[in-house]
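Student: Sequence:
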Amino acid sequence: MLFIGSYAEAEGPGVYVYELKADSGELNQLDQVSGLKNPTFLNVDEQNHKLYALTEATVNGSKGGAAASYQIDTNTGKLRELNREVNLESTTCHINRDADNKYLVVSSYHGGTVGLVALNADGTIGELLDTKQHSGHGADPERQDKPHVHSAFFSPDGRFLFVSDLGIDIVRAYTINEANRTLEFHADTHLPPGSGPRHLTFHPSGKYVYIINEVNSTIAAFTYDEEAGKLAALEVVPTLPEDYKGENTTAEIAVSKDGRYLYGSNRGHDSIVVYSIDQDSGRLTYVEHVSTEGEHPRHFALTPDGSHLIAANRDSNNLVVFRVDKETGRLSFTGTTAEVSKPVCVKPVQF
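Every number in the working numbering is 9 more than the matching position in the sequence shown, counting from 1.
Derived by calculation from the structure, the hints in this document are not laboratory data. In this text, all values refer to a predicted model and were calculated from it rather than measured experimentally. It is possible that some hints are incorrect.
Stated by the list, open to error - In silico BS3-like cross-links for lysine-lysine, where the CA-CA straight-line distance does not exceed 27 angstroms:
(1) Lys-335 to Lys-72
(2) Lys-87 to Lys-46
(3) Lys-46 to Lys-356
(4) Lys-46 to Lys-72
(5) Lys-216 to Lys-356
(6) Lys-351 to Lys-87
(7) Lys-141 to Lys-46
(8) Lys-141 to Lys-72
(9) Lys-266 to Lys-30
(10) Lys-30 to Lys-335
(11) Lys-266 to Lys-141
(12) Lys-335 to Lys-216
(13) Lys-111 to Lys-356
(14) Lys-111 to Lys-239
(15) Lys-239 to Lys-266
(16) Lys-254 to Lys-351
(17) Lys-155 to Lys-266
(18) Lys-46 to Lys-216
(19) Lys-111 to Lys-87
(20) Lys-216 to Lys-266
(21) Lys-239 to Lys-216
(22) Lys-30 to Lys-356
(23) Lys-356 to Lys-335
(24) Lys-87 to Lys-30
(25) Lys-111 to Lys-30
(26) Lys-155 to Lys-30
(27) Lys-356 to Lys-72
(28) Lys-266 to Lys-46
(29) Lys-46 to Lys-111
(30) Lys-87 to Lys-356
(31) Lys-254 to Lys-239
(32) Lys-111 to Lys-254
(33) Lys-72 to Lys-155
Take the sequences, apply the hints, and build the full model.
Tutor: And the structure:
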């Protein structure tokens, strides 16, 4: 099943559920839900059949952030809303969940904040527990005039939370104080000025971290010290061909399950860049660029078995299915697309 988030008005459909047939690459819509304004990012709890979606709410008379929980019927793909709760005072762009299902973490690009939210025992969303406000600015006066928290990802062991701040060129690591249920500062990783870190991904070995930088269209590779919870710079590579001169921002990044290949999306060049990963050093070697067969690939994801990649093209309103050659890492367009209004997040799950 594929769970799709989008830009949408509350009165229209905003979250979609599709079935992807692995043998043929065919897409079939199973459900869609309305009532959410701009559910731009999703998180799926595969084990407990829950879905968490961002949405907007009115907080103190202004646009703020909220999240909604849903029960997933794994037979039909139908979603049933459980509850929704307001969290941050500014709109949110990313939602994640810890492995023990104690917390949700929400990120606010416009507010420059990250919020820790309680998850109740039944999987419904609880209260906002803590908020951390970032400060400062980056080198780009247009894109980095203030903090822009874009995402938060847990380390593989769950001990550290890595928060990418596009506005100040920092990935800030936090720990969770379980006694006080608060976020505690741990360490900062500084990116080259003007990078604009957006999302990151851990290598399956746990030895490397890769960060996609939105402002200067690069991927930064780091070694990861699991015990210390700290990153050390390895190299920076471009996401664009050398001869491309147009406007571009990057979006999503992912590593194949076997750890051999890395994928990143370009909005403007409208492509997926593919790199191979040296298993001994973590360094990257260019493989190819592939058109996303649409405009503005805001997000993409690899299926759990690694056989397909699904791109969500916001401006051309389509999902596009690619087949993955697991030996070479290369992508081939299957010919399968689905029309979806302004898709910006795709989460494949195999129940």
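Student: Any hints from earlier that this structure breaks? Give me their numbers in increasing order, please.
Tutor: 1, 11, 17, 18, 25, 26, 28, 31, 32
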